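Protein chains in written order, with the working numbering: chain A, 1 to 392; chain B, 1 to 300; chain C, 1 to 103.
Do not rely on the hints blindly, as some may be mistaken.
Residues on chain B that point at chain C, a partial pick, calculated with CB under 10 Å [to be verified]: (1) G15; (2) C19; (3) I26; (4) Y55; (5) A220; (6) T276.
So these bits of chain C aren't anywhere near chain A, every CB distance computed over 10 Å [stated by the list, open to error]: (7) P8; (8) I31; (9) E33.
Cβ-to-Cβ under 8 Å is the rule here; a few derived chain A residues that face chain C [claimed, not checked]: (10) G96; (11) N157; (12) F205; (13) G206; (14) M210; (15) Y219.
Hint data in this document are derived by calculation from the structure and do not stem from the laboratory. Computed from a prediction, not measured in an experiment: that's the story for all the values here. Backbone N, C-alpha and C fix where the C-beta goes; we use that ideal spot for every residue, glycine too.
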Amino acid sequence: MVKKVITGNGASANGARLAKPKVIAAYPITPQTSIIEKLALMVSNGELDAKFIKVESEHSAMAACIAAQNTGVRTYTASSSHGLALMHELLMWASGARLPIVMTDVNRAMGPPWSIWADQQDTIAQRDTGWIQFYVASNQEALDTIILAYKVAETVNLPAMSIEDAFILSHTMESVDIPEQETVDSFLPPYEPKFRLKVGEPMGFGSLVMPEGYMEFRYKISEAMDEARNVIRTVGKEFGETFGRKYGLVEEYKTDDAEVVLVIAGSVASTAMEVVDMMRDEGKKAGVLRIRSFRPFPYEEIRKVAKQAGLIGVFDRSYTGGFGGAIGTEVKGALYNSDASLPVKNYIAGLGGRDITPKVLRKIFEDMFESLNGGVKKEVEWVGLRDGSGRW
Amino acid sequence: MVKLTIPEEEYMLPGHVACQGCGATIAMRYLLKALGGKTIVSIPACCWAVIPGVYPSRTLEVPLLYTAFETTGASISGIRAALDMMGDTETTVVGFAGDGGTADIGLQSLSGAVERGENVIYVMYDNEAYMNTGIQRSSSTPAGAWTTTTPGGSKKEWKKRPKKSVIEIMIAHDIQYAATLTVSYPEDFIKKVKRAMEIKGPKFLQVLSPCPTGWKSDPAKAVELARLAVQSRVFPLYEFDHGKYKISMKPKQVPVREYLKPQGRFRHLTDEEIETIQMHTDEQWEILLAKEKFTNELYK
Amino acid sequence: MSYLDEIPITPIADKPSTANRTGTWRTFRPIIEYEKCTRCMICWKFCPDVAITLENGGEYEATNDKIKQMVDKAPVIDYVHCKGCGICANECPVNAIQMVKEG
Numbered sequence: 001m002v003k004k005v006i007t008g009n010g011a012s013a014n015g016a017r018l019a020k021p022k023v024i025a026a027y028p029i030t031p032q033t034s035i036i037e038k039l040a041l042m043v044s045n046g047e048l049d050a051k052f053i054k055v056e057s058e059h060s061a062m063a064a065c066i067a068a069q070n071t072g073v074r075t076y077t078a079s080s081s082h083g084l085a086l087m088h089e090l091l092m093w094a095s096g097a098r099l100p101i102v103m104t105d106v107n108r109a110m111g112p113p114w115s116i117w118a119d120q121q122d123t124i125a126q127r128d129t130g131w132i133q134f135y136v137a138s139n140q141e142a143l144d145t146i147i148l149a150y151k152v153a154e155t156v157n158l159p160a161m162s163i164e165d166a167f168i169l170s171h172t173m174e175s176v177d178i179p180e181q182e183t184v185d186s187f188l189p190p191y192e193p194k195f196r197l198k199v200g201e202p203m204g205f206g207s208l209v210m211p212e213g214y215m216e217f218r219y220k221i222s223e224a225m226d227e228a229r230n231v232i233r234t235v236g237k238e239f240g241e242t243f244g245r246k247y248g249l250v251e252e253y254k255t256d257d258a259e260v261v262l263v264i265a266g267s268v269a270s271t272a273m274e275v276v277d278m279m280r281d282e283g284k285k286a287g288v289l290r291i292r293s294f295r296p297f298p299y300e301e302i303r304k305v306a307k308q309a310g311l312i313g314v315f316d317r318s319y320t321g322g323f324g325g326a327i328g329t330e331v332k333g334a335l336y337n338s339d340a341s342l343p344v345k346n347y348i349a350g351l352g353g354r355d356i357t358p359k360v361l362r363k364i365f366e367d368m369f370e371s372l373n374g375g376v377k378k379e380v381e382w383v384g385l386r387d388g389s390g391r392w
Numbered sequence: 001m002v003k004l005t006i007p008e009e010e011y012m013l014p015g016h017v018a019c020q021g022c023g024a025t026i027a028m029r030y031l032l033k034a035l036g037g038k039t040i041v042s043i044p045a046c047c048w049a050v051i052p053g054v055y056p057s058r059t060l061e062v063p064l065l066y067t068a069f070e071t072t073g074a075s076i077s078g079i080r081a082a083l084d085m086m087g088d089t090e091t092t093v094v095g096f097a098g099d100g101g102t103a104d105i106g107l108q109s110l111s112g113a114v115e116r117g118e119n120v121i122y123v124m125y126d127n128e129a130y131m132n133t134g135i136q137r138s139s140s141t142p143a144g145a146w147t148t149t150t151p152g153g154s155k156k157e158w159k160k161r162p163k164k165s166v167i168e169i170m171i172a173h174d175i176q177y178a179a180t181l182t183v184s185y186p187e188d189f190i191k192k193v194k195r196a197m198e199i200k201g202p203k204f205l206q207v208l209s210p211c212p213t214g215w216k217s218d219p220a221k222a223v224e225l226a227r228l229a230v231q232s233r234v235f236p237l238y239e240f241d242h243g244k245y246k247i248s249m250k251p252k253q254v255p256v257r258e259y260l261k262p263q264g265r266f267r268h269l270t271d272e273e274i275e276t277i278q279m280h281t282d283e284q285w286e287i288l289l290a291k292e293k294f295t296n297e298l299y300k
Numbered sequence: 001m002s003y004l005d006e007i008p009i010t011p012i013a014d015k016p017s018t019a020n021r022t023g024t025w026r027t028f029r030p031i032i033e034y035e036k037c038t039r040c041m042i043c044w045k046f047c048p049d050v051a052i053t054l055e056n057g058g059e060y061e062a063t064n065d066k067i068k069q070m071v072d073k074a075p076v077i078d079y080v081h082c083k084g085c086g087i088c089a090n091e092c093p094v095n096a097i098q099m100v101k102e103g
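Given these sequences and hints, build the entire structure.
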């Protein structure tokens with residue numbers, strides 16, 4: 001194990017290297033570029049035995065990964081924002097074809113207005129593509145999640161995405177443990193495809209299916225996604241035993257006795273945890289539930305926390321255009337048929353890289369306590385909006 | 001003891017669900033006869049995505065990867081990369097896409113694959129419109145043709161601009177080998193596929209594939225029409241091999257009218273319009289002859 | 001076992017299309033007149049449906065000695081799959097194939 005101070009993109013590139021993909025196909029986009037630059041160098045230096053296809057678009061990146069993975073090798077790609085959006089059709093194809101491709105997305109806002117800064121709109125918009133989605137909160141987690149994601153993906157035959165915040169993680173240095181190749185190899189054995197294109201075995205992969213047969217294939221994806229929920233827990237535990245860092249579907253922070261809990265995804269969760277400590281120093285029982293796996297959705301973990309909390313706040317760094325943020329509506333959806341009966345308030349914040357400072361988060365927690373006592377006056381609220389009200 | 005002019009082995013099965021007299025199925029049949037069983041095919045959205053039949057039906061004796069419409073170039077690149085990494089450099093990887101999937105929506109992906117120098121064969125089966133979706137014009141539809149999106153009407157809106165030449169776009173990529181083929185000349189077809197197999201790098205084959213349904217022609221005349229396309233010089237057969245143009249055959253010219261007449265899609269054309277098509281055809285032929293002469297002198 | 005248990009996780013088509021009886025599409029039936037047929041196999045070559053096979057002698061054996069000496073096979077139409085497009089009849093250089101309306 002080597003400890004190095006590297007960026008999130010450096011961590012992702014190292015995670016990919018350690019997972020030994022045989023084919024990489026990628027197209028540059030800010031702020032993903034340094035991942036693929038590093039991988040290109042690793043391939044050129046012989047540090048990574050892979051073919052890097054320098055495709056002419058993200059659409060082709062995913063198409064090439066699909067074809068290569070279906071031929072029987074492990075593949076990797078990375079993208080961001082508009083690049084991920086361009087991939088959309090093929091993201092659907094990858095899950096329908098049941099190929100355990102792993103990619104990194106560097107969370108970046110969608111245009112217009114043009115923005116290269118962090119928010120989660122790009123990946124949230126890919127919620128329904130049948131990909132497992134992990135939102136990471138540190139550079140260490142970015143590296144670890146790629147290795148872990150391959151294992152989960154290859155167990156359930158679904159593709160998986162490791163998601164890191166633009167700049168806040170991608171271009172910021174942190175101390176990262178880089179595991180030894182041997183240890184990674186013992187955790188993640190060579191890829192054994194469950195099916196593949198093979199000369200002498202004439203088969204058509206992904207053929208036309210009539211209405212009387214279609215639904216069953218989609219149902220199998222849904223079964224796999226449900227299975228992934230447990231697989232993530234098991235593999236996360238096993239990862240902990242091997243590498244000393246355990247991961248689950250969520251990370252709970254002081255939720256046991258919390259009166260208000262903020263549900264949040266991405267690196268901003270660590271700031272929220274600091275704010276929780278500040279609030280606790282003042283005797284205010286706040287907690288944080290960080291969503292690591294958005295797909296599959298950790299509804300059981302959310303129900304458990306909701307059982308004892310008085311109010312849940314949900315922080316969305318994206319907007320679905322209609323009714324709040326996606327995580328907000330998902331949390332409410334998870335609670336509706338449960339025993340919990342508590343108010344949920346949705347906060348939209350940090351779009352297009354707008355800074356989410358401890359001060360902003362503190363105001364959100366204060367608003368949660370106010371709503372707990374005085375009732376939720378506004379179900380969905382845009383935090384830090386420059387509307388002249390001075391509210392935030 | 002029977003002397004056949006093309007290989008006897010079949011890699012396409014009967015019972016596929018192509019229309020009667022489908023040129024694209026003849027093209028696939030010849031292609032695989034030439035390539036043999038050590039082949040992997042990738043097919044995007046097009047007639048051929050449907051021709052093998054609905055799940056679980058297959059009609060090819062080789063593995064087939066179905067893929068999205070605009071991805072053939074990237075898809076065959078991915079298969080090739082994976083095979084190479086698995087130590088298999090022998091298997092031929094071939095993309096088989098229609099003219100819409102090649103000249104229009106898939107052009108970028110094809111261009112990328114050829115520019116990168118991927119060791120693959122790309123076959124464009126050119127039936128000159130989006131036939132699978134119901135005969136809409138593509139950029140490979142010839143001038144003057146009726147399609148459901150160039151329906152004529154009172155404003156006489158047939159396809160106005162000439163067919164885009166994808167092979168010439170491929171040649172502009174400094175491709176090592178590109179050729180035009182058609183189903184009426186099986187021996188020439190197979191010879192060109194075999195030549196493509198000898199070359200390491202990207203190869204592009206454009207196959208004129210008559211479509212009786214879309215061309216509004218008699219299914220029985222499918223092969224005959226392909227022959228007339230060559231004889232009238234509307235679709236000349238030629239190769240571009242390492243810089244040199246080589247016209248495969250220079251048959252006695254048949255007037256374009258003979259080629260257009262049996263096709264309902266050209267029924268509305270006036271004598272004047274046919275004359276314009278004749279002139280354009282003759283010009284293109286002269287250009288091709290000049291290219292052949294020039295490149296053969298240049299690379300003597 | 002339910003249908004759900006029988007199918008793979010993604011549609012992998014492996015059943016030969018020969019099971020499809022596309023001969024039912026036919027309006028006109030090609031009939032080879034073996035007396036006229038020179039066994040040039042042009043019909044076999046152009047068939048889009050792989051519905052003409054090359055069979056050894058027997059009932060299809062040529063009566064013309066010259067042909068018999070040169071070729072020991074004959075083209076035979078597979079009516080289970082032949083869609084009746086008529087390319088074979090159109091391409092036959094000696095008009096040995098007639099298209100006859102199905103009854």
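Hints, one by one, checked against the model:
For B/G15, the interface hint holds, the least distance from its beta-carbon to any beta-carbon of chain C being 4 Å, beneath 10 Å. Nearest Cβ of chain C to the Cβ of B/C19: about 8 Å, under the 10 Å cut. The hint holds. A distance limit of 10 Å between C-beta atoms decides the matter here; for B/I26 the minimum to chain C is near 5 Å, and the interface restraint holds. A distance limit of 10 Å between C-beta atoms decides the matter here; for B/Y55 the minimum to chain C is near 5 Å, and the interface restraint holds.
Checking B/A220 against chain C: minimum C-beta separation of about 3 Å stays under 10 Å; hint holds. For B/T276, the suggested interface contact is broken, since its CB lies about 30 Å from the closest CB of chain C, more than 10 Å. At roughly 7 Å from the closest C-beta of chain A, the C-beta of C/P8 falls inside 10 Å, breaking its exclusion from the interface. Residue placement check: C/I31 keeps its beta carbon more than 10 Å from all beta carbons of chain A (closest about 33 Å).
Under the 10 Å C-beta cut-off, the non-interface status given to C/E33 relative to chain A holds; the minimum distance is some 36 Å. Hint on A/G96 holds. Least Cβ distance to chain C is approximately 7 Å, under the 8 Å limit. For the restraint placing A/N157 at the interface with chain C, the shortest Cβ-Cβ distance is roughly 6 Å, inside the 8 Å limit, so the hint holds. Taken as an interface hint, A/F205 checks out: its beta carbon lies about 6 Å from the nearest beta carbon of chain C, inside 8 Å.
For A/G206, the interface hint holds, the least distance from its beta-carbon to any beta-carbon of chain C being 6 Å, beneath 8 Å. The beta carbon of A/M210 comes no nearer than 11 Å to any beta carbon in chain C, farther than 8 Å, and the hint placing it at the interface is violated. Checking A/Y219 against chain C by beta carbon gives a least distance of about 7 Å; that is within 8 Å, so the hint holds.
Checked against the numbered hints above, the structure breaks hints 6, 7, 14 and satisfies the rest.
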